[in-house]
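First to last, the protein sequences are chains X and S. Read left to right, the first sequence gives residues 1 to 252 (the working numbering). Read left to right, the second sequence gives residues 1 to 262 (the working numbering).
Treat the hints as calculated values from the structure; they're not laboratory data. There may be inaccurate statements among the hints.
[Stated by the list, open to error] The following label-pair restraints were derived from C-beta to C-beta distances:
1) P30/X - E219/S: 37 to 45 Å
2) P10/X - P128/S: 17 to 25 Å
3) E27/X - S90/S: 44 to 52 Å
[Claimed, not checked] List of simulated lysine-lysine pairs, DSS-like, C-alpha gap at most 30 Å:
4) K68/S - K179/X
5) K63/S - K92/X
6) K63/S - K105/X
7) K92/X - K68/S
From the three backbone atoms N, C-alpha and C, an ideal C-beta is built for every residue, glycine too.
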Amino acid sequence: MGSIGAKEVPVLLSPEGRRIDGRRLDELRPLKITAGALHEADGSAYVEWGANKVMAAVYGPREVHPRHLQQNNKAIVQCRYNMAAFSVDERKRPGLDRRSQEISKVISEAFESVIFAEEYPRTSIDVYIEVLQANAGTRCAGIVAASVALADAGIPMVDLLPSVAVGKVAGEIALDLKKEEDNYGEADVPMALVPQSGRLVLLQMEGHLTAPELARALELGVRGCRSIYETMKQALRDRYATGEAAEPQGAA
Amino acid sequence: MTDEVAAEILTTHILDLARSGRRLDGRGTNDYREIKVEPGFVVTADGSALTTIGTTKVVCGVKLEPGKPFPDTPNAGVLTTNAELVPLSSPTFEPGPPHPRAIEVSRVVDRAIRAAETIDLTRLCVTPAEKCWTCFVDIHVLDHTGNLIDAALLAALGALTHATVPAKRFGIRDADYPLEVKHLPVECTFVRLGDTIVVDPSFDEEQAAQGRLTVATDELGNVVAMQKGLIGAFSPEDVNQVVERALRHGERLRRIAQGSAP
Chain X
1 MGSIGAKEVP VLLSPEGRRI DGRRLDELRP LKITAGALHE ADGSAYVEWG
51 ANKVMAAVYG PREVHPRHLQ QNNKAIVQCR YNMAAFSVDE RKRPGLDRRS
101 QEISKVISEA FESVIFAEEY PRTSIDVYIE VLQANAGTRC AGIVAASVAL
151 ADAGIPMVDL LPSVAVGKVA GEIALDLKKE EDNYGEADVP MALVPQSGRL
201 VLLQMEGHLT APELARALEL GVRGCRSIYE TMKQALRDRY ATGEAAEPQG
251 AA
Chain S
1 MTDEVAAEIL TTHILDLARS GRRLDGRGTN DYREIKVEPG FVVTADGSAL
51 TTIGTTKVVC GVKLEPGKPF PDTPNAGVLT TNAELVPLSS PTFEPGPPHP
101 RAIEVSRVVD RAIRAAETID LTRLCVTPAE KCWTCFVDIH VLDHTGNLID
151 AALLAALGAL THATVPAKRF GIRDADYPLE VKHLPVECTF VRLGDTIVVD
201 PSFDEEQAAQ GRLTVATDEL GNVVAMQKGL IGAFSPEDVN QVVERALRHG
251 ERLRRIAQGS AP
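Excised from the complex, chain X in its bound form:
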């Protein structure tokens, strides 16, 4: 460590076009999804994605708490994205900070865009996402886990929601950033795709991108989502082929 604040920026992209962990620009980190990882929940899934470890559970449709949120014509989707205190290098204060609350809101809205909520009036579908180990892209890992958990719970949906972040690393648009790339990168664009319609139900962005760069980022992200979609479907097939919690499967 040098003087305070003068951190060394690592080489993020080799002259051969390889990234810090040897990946190419359009390559995902290894992704493992286990559907049905918990006993108590109505549906659950565990995701290991690069160095991210994320658990998701679904309860419901069940009674709405607090009651005044109840809607007479449809179910509400309440998502809670939470990071464990030990999930990051420096201990995080437990509980939902403002970042987690914002992420919870956009994830709830993403799922409410695909769930057939009108089939369960006056109920709540509660989606809990716990980040146990974080290494960039936790909201995307959370959405992937939650969406498999929703399917595991038998909640009717238009489609699963694959999700990935695209960023800009050493001037190049790159798929699925890991922590070092995110920290020193120039932009971050998390998204979640409805594969059937090709539309995005979650989209955020921070950094600096020109309009053509953003178009390229969307294209790369959509392609990444389609590959993640296959892994998600395989996890569900594995779960229901045996009838009990399946062994973790490698990325498709």
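With the hints as your guide, set chain S onto chain X.
Same frame as chain X, now just chain S:
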């Protein structure tokens, strides 16, 4: 229940109009309501601005106080953005801890200010690791008739571009000096109404919307922040089209925020 039925009828009507490119208040799909930014609205603040977009009214006050830099950024000042959706601004807001909707407004505005490097935070450092300026950007929504995000960032930008660093008051320098603003981000918010995507949604249009998309751009033509909100979806082509529209609106919004003629 009658409220719900009335809302349903209104939503259907808004979507019907949108199908032929029309809107409830007669605007075109790419028209903003009238925008005004009035800097210096609050004299007790170090910088302030009152922004109206149509009847949406937002006031932003900037305060600078000496503080301590964060351990991981010892050479930079601190910037915090907070938005309050106080109950007086809408019958739908209740008192209590910040609603996720308020948190979203502040975080989306904060993201644009930070990503665009509106303020060079290293210039707010007084003594590395010991003393710096903490810049509080507090946004108060007074009248919520739609499109809070755009109004909030315009107010913040108006307040920051006219802010004074109170160096004399805190004995840090002999005289106060103007806060240096490096870049000028503005946000443009769009909602989907059926197959039509309209800019600057009114409150009723937000209720009827099938997805909302906010794009922040800077004066160099970069996209610096985005947020998709509400229930609904956008295709990548929709997003690219919205970005183009946001870049075009951006130039005019920036001029208004800086206080020159619209």
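Okay, the hints, checked on the actual structure:
At about 41 Å, the CB distance of P30/X to E219/S agrees with the hint of 37 to 45 Å. Separated by about 23 Å at the C-beta atoms, P10/X and P128/S satisfy the suggested range of 17 to 25 Å. The hinted window of 44 to 52 Å between E27/X and S90/S holds, with their beta carbons roughly 47 Å apart. Annotation: proposed proximity of K68/S to K179/X holds, straight-line Cα distance about 27 Å (limit 30 Å).
Proximity of K63/S to K92/X is assessed by CA-CA distance (about 28 Å); at most 30 Å being required, the pair is judged to hold. Of the pairs offered as hints, the one joining K63/S and K105/X holds, with about 29 Å between alpha carbons and a cut-off of 30 Å not exceeded. Only pairs whose Cα atoms come within 30 Å are accepted, and K92/X paired with K68/S is accepted, the gap being roughly 20 Å.
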